[in-house]
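Undergrad: Protein sequences appear in the order of chains B and R. So for the first sequence, this note's numbering puts the first residue at 1; every next one is plus one. So for the second sequence, this note's numbering puts the first residue at 1; every next one is plus one.
Treat the hints loosely; a few may be bogus.
To spell it out: a stretch of chain R is covered by chain B in this simulated footprint if at least three of its residues, at any positions, have a beta carbon under 8 Å from a beta carbon of chain B; those stretches are [to be verified]: (1) 20 to 27; (2) 41 to 55; (3) 101 to 112; (4) 126 to 139; (5) 394 to 403.
With a cut-off of at most 30 Å between alpha-carbon atoms, the simulated DSS-like pairs for lysine-lysine come out as follows [what the hints assert, rightly or not]: (6) Lys-72/B x Lys-171/R; (7) Lys-62/B x Lys-72/B; (8) Lys-193/B x Lys-328/R; (9) Lys-101/R x Lys-68/B; (10) Lys-230/B x Lys-171/R; (11) Lys-328/R x Lys-14/B; (12) Lys-101/R x Lys-144/R; (13) Lys-149/B x Lys-417/R; (14) Lys-326/R x Lys-79/B.
Pair ranges (Cβ atoms, derived) [what the hints assert, rightly or not]: (15) Leu-324/B x Arg-15/R: 31 to 41 Å; (16) Gly-193/R x Ile-132/B: 40 to 50 Å; (17) Ile-365/R x Glu-231/B: 33 to 43 Å; (18) Ser-179/R x Asn-208/B: 23 to 33 Å; (19) Lys-199/R x Glu-152/B: 31 to 41 Å.
Source of the hints: derived by calculation from the structure; they are not laboratory data. In this text, a Cβ means the ideal position worked out from N, Cα and C, and glycines have one as well.
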Amino acid sequence: MLLKLAWRNIWRNKRRTLVVLTSVVVGVVALLLVDTLSVGMLKQMVDNQINYHISHIQIHRKGFSEDKAIEKHIKDYLKVDSVLSSYSQIKIYSKRVISYGLINSAYSSSGVLIVGVEPWVEKDFTMISKSIVQGRYISSDGEILIGLKLAEKLNLKIGDRAVLMVSDLNGNLISNVFRVVGIYQSPSVNFDKVYIYITLKDAQNLFNLGDSVSEFAILLYKAELVNSFKEELSKALGDEYEILTYFEIGPFIRIMIDMYMEFIWIYYLIIGVAVMFGVINIMLMSIFERVKEFGVLKALGMKDSKIFSLIVLESLLIGSLGTLIGLLFGFILYVPLSRSGINLGVFSESLALFGSGRIIYPVLTPFTLFLLLFTMPFISFIASIYPGIKSLRLKPIDALKYI
Amino acid sequence: MIEFSHSKSLRKGNRTIYMKLFLKLAWRNVWRNKRRWIITFLAIAFAVFLTVLMRGIQLGTYDYYIKAISGSYAGLIQIQKEGYLENPSLRKSFIYSDKLKEILTSNSDIIAYAPRLYAEVLISSGGKSYGGVIYGVDPSSELKFSEFHRRIKEGRFLNPDSMGEIVIGDKLFKNLQISIGDKIILLGQGFDGALWDMKFKVVGRIKLGYTELDNTVIFMNLKDAQEFLSCENRVTNILILLSSIDKIPSVKASLSQELKDYGLAVLSWEETMPEFKQSIDFDNATGILFLFFLIVIVAFGIFNTVSMSVLERSNEFGICLAIGFKNKDLVLIVLFEVIFIALIGILFGNFLGFLFNYYLVKNPINLGGKYIAVYEEFGFEPKFTSSLKPRIFINTTLSMLFISIVFSLFPLYKLYKLEPLKGIRFT
Chain B
1 MLLKLAWRNI WRNKRRTLVV LTSVVVGVVA LLLVDTLSVG MLKQMVDNQI
51 NYHISHIQIH RKGFSEDKAI EKHIKDYLKV DSVLSSYSQI KIYSKRVISY
101 GLINSAYSSS GVLIVGVEPW VEKDFTMISK SIVQGRYISS DGEILIGLKL
151 AEKLNLKIGD RAVLMVSDLN GNLISNVFRV VGIYQSPSVN FDKVYIYITL
201 KDAQNLFNLG DSVSEFAILL YKAELVNSFK EELSKALGDE YEILTYFEIG
251 PFIRIMIDMY MEFIWIYYLI IGVAVMFGVI NIMLMSIFER VKEFGVLKAL
301 GMKDSKIFSL IVLESLLIGS LGTLIGLLFG FILYVPLSRS GINLGVFSES
351 LALFGSGRII YPVLTPFTLF LLLFTMPFIS FIASIYPGIK SLRLKPIDAL
401 KYI
Chain R
1 MIEFSHSKSL RKGNRTIYMK LFLKLAWRNV WRNKRRWIIT FLAIAFAVFL
51 TVLMRGIQLG TYDYYIKAIS GSYAGLIQIQ KEGYLENPSL RKSFIYSDKL
101 KEILTSNSDI IAYAPRLYAE VLISSGGKSY GGVIYGVDPS SELKFSEFHR
151 RIKEGRFLNP DSMGEIVIGD KLFKNLQISI GDKIILLGQG FDGALWDMKF
201 KVVGRIKLGY TELDNTVIFM NLKDAQEFLS CENRVTNILI LLSSIDKIPS
251 VKASLSQELK DYGLAVLSWE ETMPEFKQSI DFDNATGILF LFFLIVIVAF
301 GIFNTVSMSV LERSNEFGIC LAIGFKNKDL VLIVLFEVIF IALIGILFGN
351 FLGFLFNYYL VKNPINLGGK YIAVYEEFGF EPKFTSSLKP RIFINTTLSM
401 LFISIVFSLF PLYKLYKLEP LKGIRFT
């Protein structure tokens, strides 16, 4: 009954209500776009990190992540290998040798991180093999794959020779010639500048490592289980090893996510307050137009609380209706955008720095949907309190006399 | 008081008297229904305040970052050999001649400049090797130019007459497991393409707070670097600081003119650090978009207020028309009302925004704690400040005023079309 009354009341002045509804709709659509795009960008940054190199979990000898020196290799690699092969949660894992070195072309030189991989495993393990812009992925010994940015810097082309210079396990300076067979481009420039790939065998020979490796990178079937699986692994392997999840390896991402969580509500608050002014405005207008009416209602015996509820209900209806229409419009924009993505090519170099890729696909999380659903109704509830209190102060007789 | 006789003065058409009258009417009208206008005023003030604050923080912080980065790492302007930007290599180094120094010192807008020689080398100690980046610097120029000498954690920075001495980045130093006074071998490819190695004495450990550099940087005297890499009298970059960021275009143009015969390129920080420039643009664009939404939402409120105030006064306006006011006069009066209220809101919002911005300029906020890591990735201290640039206030004022007027056009048009009898009969 009250609801019906409220519904009819808000449509007594159509234009006014429509205008406020529009402001709620604009607010909801704006928040939906801002929020889903931020989440989408963050998600792409995380996914790219995982898919291009880091994977879900990495195992090293303790201290490796601080200082990627070759002497911090995993001596008992056979044990780790056998432990890992016993888990069914693991989709695939890759053995890598990683250490610093200097790459020289005839033209220039650059400090790099040399990654020795088993091509047949790594090919399906990371996205690098699918990001080749020239040539092909490494397949046999003596071949090297480098990033586009590095290739430009060193003036290297497919088929060119490059010299890798490292100090091996015994401290001797070793150099070896490799042939460039491929050039890749990942979404992150900083990655492309530093990471170069050779075969595991080559790397082991170069560093004089024998059969040992410096890293096991693991992909799980279910990414959500990284933390619990990490626990399981550390129990099985003991404390000689550092077992790191992707969050621990790329702290930058984690901080970006924390920052998002801490700042996103400010956007909701700002838009919410702006909408609130509009709602208070029309609620006040509408009660002052209806002073006489309220006087009659009160004189007839309607309780104050009922009148208060009526006003709150009217406001809530506007907020909720606006939210629903806003979500509808939002979805009409969001659904095609989440498929096609938004091409931010103009900012491609900045996005390459963040490693998100130039096309951002907005992502709507349940958390965002929850915020969107409840922000505006909540705001309109708050906005109705002052007009509601105003209505309580009316005395029936004064209200009836009001012109 | 203005003498007022409808028929006479209206016929005479003395515009200035009318204007005064209209302004007065508008001012009084605003205060006839305080509540409604106060809410609109608050909404406008809120939007203006937030816009001024957010723009201030964005622009102020950008300037801080630009100065912080360009101060030590890029200069506001940089001189390089043409093509170095695409292919940074010793091959693209150039002769640092006396003529060049003369050109730089004679330009009064240049407050400091620093010649540098960058090269990538391998650094080894006790069987461990790492990739390193040589920063061949002139210690006396750097004193005026960069903050390097203030970032020393252990030992000292290079002296103007340092020979065979190096200062190493914090992380690299720790990875090498060396201590101050140790001798260390560098191996690098010289200007002639040949590989050279040389022994240096470590005199300092420096922490720049920029992870990539702390992992790799090796400072040495420019003269040492030139000798080591066999590039006599050559540098790869000259970094230049100006008295103000706004001087960049003019100085850039005049230097380009003077240096064009040398095959040298003069580049601004936007060109040497395009990704940084774009990050700023990206952040700026998203910020403006958000504020646009905010202002539009507030504008709907203005639309409602103006509509209601026109509608409520239909009767009054009808009478005015009947006694000889013209529609456009009424439109003008209501327009003045809108402008009054918008201006008061804008002034108040600007004032509040100014206070907050002023406070932030004087007391920049250090985003310590966990956010440090984000900024370390990109090389500057996490800090945010604000700006008091006039254009922040002017742009905000104009956009708010513009939007307020645009959103009043529809009710004003209704008023323009109002007929006396319809107005009087309106209930």
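Undergrad: If a hint holds in the structure, say so; if it does not, say that too.
TA: Cross-check of the supplied hints:
| no. | hint | in the structure |
| --- | --- | --- |
| 1 | 20 to 27 | violated (count 0) |
| 2 | 41 to 55 | holds (count 5) |
| 3 | 101 to 112 | violated (count 0) |
| 4 | 126 to 139 | holds (count 8) |
| 5 | 394 to 403 | violated (count 0) |
| 6 | Lys-72/B x Lys-171/R | holds, 17 Å |
| 7 | Lys-62/B x Lys-72/B | holds, 8 Å |
| 8 | Lys-193/B x Lys-328/R | violated, 67 Å |
| 9 | Lys-101/R x Lys-68/B | violated, 42 Å |
| 10 | Lys-230/B x Lys-171/R | holds, 28 Å |
| 11 | Lys-328/R x Lys-14/B | holds, 27 Å |
| 12 | Lys-101/R x Lys-144/R | holds, 16 Å |
| 13 | Lys-149/B x Lys-417/R | violated, 65 Å |
| 14 | Lys-326/R x Lys-79/B | violated, 95 Å |
| 15 | Leu-324/B x Arg-15/R: 31 to 41 Å | violated, 51 Å |
| 16 | Gly-193/R x Ile-132/B: 40 to 50 Å | violated, 29 Å |
| 17 | Ile-365/R x Glu-231/B: 33 to 43 Å | holds, 38 Å |
| 18 | Ser-179/R x Asn-208/B: 23 to 33 Å | holds, 27 Å |
| 19 | Lys-199/R x Glu-152/B: 31 to 41 Å | holds, 33 Å |
Checked against the numbered hints above, the structure violates hints 1, 3, 5, 8, 9, 13, 14, 15, 16; every other hint is satisfied.
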